[in-house]
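Chemist: Each chain, written out:
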Amino acid sequence: MTDKSFASRLAASGLRPTEADLPKLQALVSDLDRAAALVRGPHPYEEEPLSAFRLPRP
Amino acid sequence: MTELHFMTIAEAAKRLRTRELSPIDLAKAYFTRVKALDGQLNAYILPLEDRAMADAARAEAEIAAGGWKGPLHGIPIGLKDIYNTAGITTTGHSALFRGHVPAEDAHTVALLRRAGAVFTGKLSTWEFAIGGTSFDLPWPPARNPWDLTRDPSGSSSGSGAAVAAGLCMGAMGTDTGGSIRGPAAWCGIAGLKPTYGYLSRRGILPLSFSLDHAGPMCWTSEDCAIMMNVLAGHDPLDAASASVPDVDFTAGLGSGLRGLRVGVVRHFFESDLSTDAETIAALEDSLVALRDMGAVTFDVTLAPFALYTDIGSLISRTEAFAIHQHWLRESPEKYGAYGRQRLMAGAFVNGADYVNAQRQRARLIADLAQVMTTADVLVFPTARCPAREIGEDSMAAGFQPFFNRAFNVTGSPALSICNGYSASGLPLSLQIGGRPFEDALVLKAGDALEKALGTRSRRPEFAKQ
Chain A
1 MTDKSFASRL AASGLRPTEA DLPKLQALVS DLDRAAALVR GPHPYEEEPL SAFRLPRP
Chain B
59 MTELHFMTIA EAAKRLRTRE LSPIDLAKAY FTRVKALDGQ LNAYILPLED RAMADAARAE
119 AEIAAGGWKG PLHGIPIGLK DIYNTAGITT TGHSALFRGH VPAEDAHTVA LLRRAGAVFT
179 GKLSTWEFAI GGTSFDLPWP PARNPWDLTR DPSGSSSGSG AAVAAGLCMG AMGTDTGGSI
239 RGPAAWCGIA GLKPTYGYLS RRGILPLSFS LDHAGPMCWT SEDCAIMMNV LAGHDPLDAA
299 SASVPDVDFT AGLGSGLRGL RVGVVRHFFE SDLSTDAETI AALEDSLVAL RDMGAVTFDV
359 TLAPFALYTD IGSLISRTEA FAIHQHWLRE SPEKYGAYGR QRLMAGAFVN GADYVNAQRQ
419 RARLIADLAQ VMTTADVLVF PTARCPAREI GEDSMAAGFQ PFFNRAFNVT GSPALSICNG
479 YSASGLPLSL QIGGRPFEDA LVLKAGDALE KALGTRSRRP EFAKQ
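Protein sequences appear in the order of chains A and B.
Quick note on numbering: the numbering used here labels position 40 of the first sequence as 40, and the sequence is numbered without any gaps.
Quick note on numbering: the numbering used here labels position 331 of the second sequence as 389, and the sequence is numbered without any gaps.
In isolation and in its complexed conformation, chain B is listed as follows:
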C-alpha cells in the first residue's frame, strides 16, 4: 500500500470517504514529515499545524456523521504565500508584507475551506511572485527535492517542492509568466494554468492584472482536475472572472484519446530557443505514446516564441510597477534585490507601448484561435532543460528557461506534466495547451499521458526519508 504522504488526492479521497483513513492520521503524517524534512527544503514559510489538526478533527467528525463534502474533504493542501488567509500572515515572501494579516480569505481559499480541505501552511514563493530565487529575504528560498543543490523554479517554488516531496498533497500556485508550470516542470509534478478568468484571483496579492492566473499544483493531472472541480466558477467581485457553465473536470478522464488532434509547436524547441537533447527525446517519446493511444500528431506554426515573451514582459512589468510603485519609492530597501530590480523596470515602459502591446496581444490570441481550428491541443516542452543549480539567476535578462509565456499572453489553458527523467535523475516536462475553457480536455490528455508513460511511480530520494 502507498505510504500516506505519497498517496494522490484521488486515492486518499476514496479512503477518507469510507473512513478507512482518518483525516487526523493523514494530517499527522504530513506534519511529521514537515518537521523532519522542511529544514532542508524550505518549502514552508509558515506551517499551520495547530489549525490544520483542528481542521482535520472537524473533517473527521463531519465524515463520521455522514457529512462527506467531496474529494477534498480532509485533504492536506498548501497555499502559496500570496493567497490571503483570514487572521494568518500573508507575506508574499517579502519583508515589506511581513506583518500583513488579511481580514478575509482569498475567494479560492474560501472555496477550498468550504470543500473541507485541511490547510497545512503558507508556502515559499519568489518575492511577490516575481523576485526570483533570492537569498536576501526574511526566509530562505525553497530548494528542489530531486536535488537540494538545484532550483525548484518559481514563482510557486514552495508549492512545487512541497507537493513533489510529499509535504502536502496538493497546493495552490499562481502563474503570470509561467509560475505554476515552471516549478511543476522542475519539481516533476502536474501544474495547471487554467484559462484566464476560470478561477477567481480575488484575495491573491496581484502582480499583473491582465496576466495573473490562479491554479492547482498536484502530483497528477487527475488531482488537478479534482481541485478544479472545487475552484472553477464565476466570482462577480473579480473583474476578469468568466461566467461559463459548470464542468466536471474529471468526467472525461480515462475515456481515451482516439482521434485527438495534437499540434506540435516544433519551432519553439527546434529553432526559436535551443533545447537540450533529453527534453526533446522525452517529447518524441510522448508523441509516440499519444499516437499509440489513437491521437493524430502533426506540426503547427505559431508566432515566434520571442514575440510572446516580449509582449508578456511589456504588459507584466508595466502592470506590476503600477501596483508596486508607491512602495518602490517609499521603501525600496524592503525588497530583495531581484524583486526590486524587476519591479522597477516597469517604470521605463511608456503608456503607448503598453497599449500597443495589448493590441499585439489581441492579434496573437486571434492567430492562436485560428491554429486551434486544426488542432484540439498543442504540445511542446515546458522547460528547455532540467532544473539548474540554485543560485543561478534563471530569470536574468536574456535567459528564458521555459516555454511558458505564450499561454499567459493568450489566456488559454496550459498544463505541465512530468514526461520522463534525465540521466541524472531530474524530471523532464511536457506542456499541453488547449482552447479557452477546454481545460478539461487538457487535463484528460495529461492524465492519459502520465499513465501511459508511467512517470508517477517515482519520487525524489530525499522524500523517501
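One chain only, chain A, in its complex shape:
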C-alpha cells in the first residue's frame, strides 16, 4: 500500500486523525490490508458466514 493510496483512502473515510496519529494508523491499516489479502481467495459459492440470521420461534 503506497502513501498516496493511504492518503486517498483516509480522505474518503471522512475521518480526521491528528498528524501524530498517521504513522501508527497507517501501520495498523497495512496490517489489515495484509490480513485482507488472505481472505480474498476463492470461496465455495454457497459457503455462508457463521453470522447467519436466526429468527426465534413464535
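Everything labelled a hint here was simulated from the structure, so no lab data went into it.
We put the beta carbon where it would ideally sit given N, CA and C, even for glycine.
Warning: the hint list may mix true and false statements.
[As the list claims (entries may be wrong)] The following label-pair restraints were derived from C-beta to C-beta distances: (1) A/GLY14 with B/ALA364: 29 to 37 Å; (2) A/LEU38 with B/ASP194: 31 to 39 Å; (3) A/ARG34 with B/SER329: 46 to 54 Å; (4) A/ALA27 with B/ASP334: 23 to 31 Å; (5) B/ARG349 with A/THR18: 35 to 43 Å; (6) A/ASP33 with B/ASP194: 39 to 47 Å; (7) B/ARG116 with A/ALA11: 53 to 61 Å; (8) A/ALA11 with B/GLU162: 35 to 43 Å; (9) A/GLY14 with B/ASP83: 53 to 61 Å.
[Claimed, not checked] Covered by chain B, per the in silico footprint, the following chain A stretches (three or more residues, Cβ under 8 Å): (10) 11–19; (11) 31–37; (12) 41–50.
[What the hints assert, rightly or not] Some chain A residues close to chain B (C-beta under 8 Å, calculated; not the full set): (13) LYS24; (14) LEU25; (15) LEU55.
Position chain B relative to chain A; hints supplied.
Modeler: For chain B alone, coordinates are given in the frame of chain A:
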C-alpha cells in the same frame, strides 16, 4: 489463618455462611487497602465505598436472618468500567463517556447483585476495551502489582491488577481478543473467557459484537467456577446468548484428571511465535504435572496462529468501527491516541473482506472441532513472555504478546492460569482451551493444575503492605 483480603471466594463463602466472618468486616478490610494502595496501582476509576458498605450491611442482615443466597453473598466484586451500572457512571475509561450514567445494570451485574455480591467499584480498562495502556486519558492506567513499573496488560487491566493485589476478591472482565486472559496472565491470576454466548453481554459497552465475551477473573479457577454458577445462563435480550442446560461448574472440581486427553499446540510457541525459555519451561513442568495426575498429553496441529490473528483483527476492527464511527467523526479529540488509531483502522476494511473473514472463521471453527475429537482440552502458553515495561506499546502493529486470538475467533472456552514464576518474580501463564460449552472441564483442569503446581500461595510483595 489467611488475611481477609487474600482469602479466595471459596474460603470466604464458607465463613460468611456460618457467620464466622462478617460481610461488613470483609468490605471494610478491602476499602482500607484500596485507600492505602490504589494511589499507586490505579486499578480503580471509581471506588464505591458507601454503596458497598450498604450492600455489605444488607448481606449481613440477610445472612443473620437465615437468608444466605449462595457463595457470592457478601463477596467483594469489582467491575470493569464497561459494565453498565444503574445510576453509576460507566465511562469506558474515556473522556467521551465521562458523564455516561446508565439507567440499568448490565444483565451480568444484575445477576451478581441478585446473588448478594458487594460491588467495590468500577475498574480501569483500556479505553473502550481497545485503547492500550494509555497516559492521555482522564484516569491513569492500572499498573502491575508484581512490579509497578510493569504493564498489567489489558484491556481488563484494573480487574487483573485489583484481584492480584487483594483489592477485590473477584472481578468481571471482557475478552474480545484476549482482554481477560492477557491481564490474568501478566497479573498471575485465573481468568476465564467462557464459550461465546454462555454469558450475556447485554449492558456491557460493546467492542465487537461477534467476538465480545464477558467473564470472571479471580485468584483461582475454583473461584471462576463459583462465579460462573451465577453468571451463565440464557438471556433472550442478547442476540448471541445460547440456551443450553444449566451446569454446576464446581461439581467436577477435585475429581481428578485420569484419562484426560490433553493436546499440546506446540507449533504456536515453538515455530509460529518466538516464546521465552522460562515460559516454555513452565509449560513443560505443567505437562509433567498433568501426566502425574493421569492425563495423556500429545501434540496437535491447528491453523497457524497468525491466521487466527488476521481473521480476528479483520472482524474486530470492522465491527468496532461500526460502533464508534459516529463519535470518531464528530469528536475524535475525546479519544486517547491509541484508541482513536485502533478504532479508525476499521474504516479501511471493505465489506467483502469482512464477510470472507467470517467465512474463513467458520472453517477455523470446523477445523478446531475436528482436532477436538482427539483431545478433550488443548494447552499452550497464554503469554509469550512475562509482563513488559509499562509504556511499551504491547499491542502495536506487528507485535503480539499473547496466544489469545484463536479462541475468540472460534468462540470456544479458554482459561488462563498462573503456572509458575520467572527468575525475576513475575507470573508465567498457561492457557487451557476446551470444546464449546465444556467450560466446566476447562475449569476442572485449571483447578487441578493450580493445586498440583502450588502457585496460589504466592502474592505480590506490593500487596503484602
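Chemist: Are the hints correct? Go through all of them and say.
Modeler: These are the hints, each one checked on the structure:
A C-beta distance of roughly 31 Å is found between A/GLY14 and B/ALA364, which places it inside the suggested range of 29 to 37 Å. Taking the beta carbon of each, A/LEU38 and B/ASP194 are about 33 Å apart, inside 31 to 39 Å as hinted. Distance hint check: the CB atoms of A/ARG34 and B/SER329 are about 20 Å apart, inconsistent with the given range 46 to 54 Å. Taken as a hint, the range 23 to 31 Å holds for the pair A/ALA27 and B/ASP334, whose Cβ atoms sit roughly 25 Å apart.
Take B/ARG349 and A/THR18: their Cβ atoms lie about 54 Å apart, and the range 35 to 43 Å is violated. Here the CB-CB span from A/ASP33 to B/ASP194 is close to 27 Å, at odds with the stated 39 to 47 Å. For the pair B/ARG116 and A/ALA11, the beta carbons lie near 57 Å from each other, so the given range of 53 to 61 Å is met. The supplied range of 35 to 43 Å is met by A/ALA11 and B/GLU162, whose beta-carbon atoms lie about 40 Å from each other.
In this structure, A/GLY14 and B/ASP83 meet the distance hint of 53 to 61 Å, their C-beta atoms being roughly 56 Å apart. Only when three residues or more bring their CB closer than 8 Å to a CB of chain B does the claim for the stretch 11–19 of chain A stand; here the count is 6, and the claim holds. A stretch counts as covered by a chain when three or more of its residues have a beta carbon under 8 Å from one of that chain; for the stretch 31–37 of chain A and chain B the count is 6, and the coverage holds. With a threshold of 8 Å between beta carbons, the proposed coverage of the stretch 41–50 of chain A by chain B holds, since 5 of its residues qualify and at least three are required.
This hint holds: A/LYS24 has a C-beta 5 Å from the nearest C-beta of chain B, less than the 8 Å allowed. With 8 Å as the threshold, the beta carbon of A/LEU25 comes within range of chain B, its nearest partner Cβ sitting at about 5 Å, so the hint holds. Given the 8 Å rule on beta carbons, the hint for A/LEU55 is violated: about 11 Å separates it from the nearest Cβ of chain B.
Of the numbered hints listed earlier, those contradicted by the structure are 3, 5, 6 and 15.
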